[in-house]
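Chemist: Spelled out, the chains give:
Protein chains: 2
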Amino acid sequence: MNDTRNPVASLIVIGNEVLSGRTQDLNIKYIATRCGEIGIPLREVRIIPDVAETIVSTVNEMRARFDHVFTTGGIGPTHDDITSENVAAAFGVPCEPHPEAWARMEKHYAPGEFNAARQRMATMPRGAKLIETAISIAPGFSIGNVHVMAGVPRIMQAMFNTLSAGLEGGVPISSRAVHVFGLPEGVIADGLGAIQRRYPDTDLGSYPFYRSAGNGVAVVAKGTDAAALERSIAEVSELIVGFGREALGGEPNA
Amino acid sequence: MNDTRNPVASLIVIGNEVLSGRTQDLNIKYIATRCGEIGIPLREVRIIPDVAETIVSTVNEMRARFDHVFTTGGIGPTHDDITSENVAAAFGVPCEPHPEAWARMEKHYAPGEFNAARQRMATMPRGAKLIETAISIAPGFSIGNVHVMAGVPRIMQAMFNTLSAGLEGGVPISSRAVHVFGLPEGVIADGLGAIQRRYPDTDLGSYPFYRSAGNGVAVVAKGTDAAALERSIAEVSELIVGFGREALGGEPNA
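If you read the sequences in order, they're chains S and H. 242 is the number that the numbering used here gives to position 242 of the first sequence; each next residue is one higher, with no gaps. 160 is the number that the numbering used here gives to position 160 of the second sequence; each next residue is one higher, with no gaps.
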């Protein structure tokens, strides 16, 4: 995984609903994929509860360790939405009405409807830069290297699009794959390990699959050097053919 | 969330494939749900790469902070399966052939097929207790309060079943829910916050939904005191009715 010249990111998923099993998270895969595309690979994810001190300590640890920290969840109007105030606490700045967000939301709602709960969605760490979208009146925000987004997937995705357009990315992470039916991991493991050692800058992953069409293994090469990916996957294909099997390009169909 | 008499758990998902976006994780929701059922609620999840020092430091931090630590991924036969050796390193014990697992696997494979790669799946921290299943010849294992399971969902689930039968659980986490169409979160937020303050031992979550049948909010109460859940959800229902809407039991259909 020698994309060391690339900036790196982490993600903090904030929400009891994921930790309780109530909600199947769909944001991690989206953000992970997009981070690879913009060359800011995701290196760690934490899923934490709506607990003030946990949010503060996790944000502070992550922002010190990674170039970018994304967060999802906890920026709505209800009592369990406590991300903004705790990101402010992590940075040691006041959490206060954001003039631009406040004006925009005040104008959006009918007289009397911009109530205390909704005003919380326009209340942010001092110095926050808005992440605005066309589909939600309540924006996300960035402060320093921390980017605070909604938990609802389609709103989060719109926010990520706005945000990523302004981030200085690195070399995109490319991917090449090959798969084989009827050959267990345990048979190709030694040869695969030898190929990995010859391509230290490529991340070679081995993933067994179990399909109605048959069982097998997919090998996926990821990294920033597309030529090295091609060569390593070509070697894996030769390894497979050496065991008398057909090496099929790409990943198996779902 | 006053299930403080319950033991608590964390989960470490080990695998580049989740961090790269290649794989949609399905284990977190399963383990979170099951942990609630056995009264060992999940308090934190970390998704980390296949990097030795990250595994060691994460395992050591988590096992000191939680009663139980589950891990998924990285116990297969290939070069990227490095969980077992690094859990051993975290505990400061040798990683060596486990007599029982070794004998079982040696017997399973045809002569000559129990190769070096497969032998790695029978190599574990000294003192590991096997987690055996009917569907995989390669077992998971527990050492101390750390429970090491496969990453493939159906194998992980079988391992969790074996494992959880032997864990001393707490009071199961129960759940009650109510939902409403056509009422935005921002309208009920103040009343909801007041109800949450009256039921400090209940975890009251507010989740907007967007369906073809209409948009609305689901409110979910979770905790160990079923009577308190009933009362808090009854109060939420009254709140909804007070806004001239129908309070519908349970969560909206998917």
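These are computed hints drawn from the structure, not numbers from a lab. As the structure is a computational prediction, the values presented were derived from the model and not from experiment. Where hints are given, some of them may not hold.
Restraint ranges, calculated between C-beta atoms of paired labels, are given here [stated by the list, open to error]:
(1) S:G244 to H:V171: 55 to 65 Å
(2) H:D190 to S:D201: 30 to 40 Å
(3) H:G244 to S:T33: 35 to 45 Å
(4) H:E96 to S:A165: 33 to 43 Å
(5) S:F209 to H:F209: 25 to 35 Å
(6) S:P200 to H:V93: 46 to 56 Å
(7) H:N253 to S:E106: 32 to 42 Å
(8) H:P97 to S:R154: 16 to 26 Å
No residue lacks a Cβ here, since even glycine has one placed at the ideal position from N, Cα and C.
Chemist: Find the hints from earlier in the document that the structure breaks and name them by number, from lowest to highest.
Modeler: Violated hints: 2, 4, 6, 8; rest satisfied.
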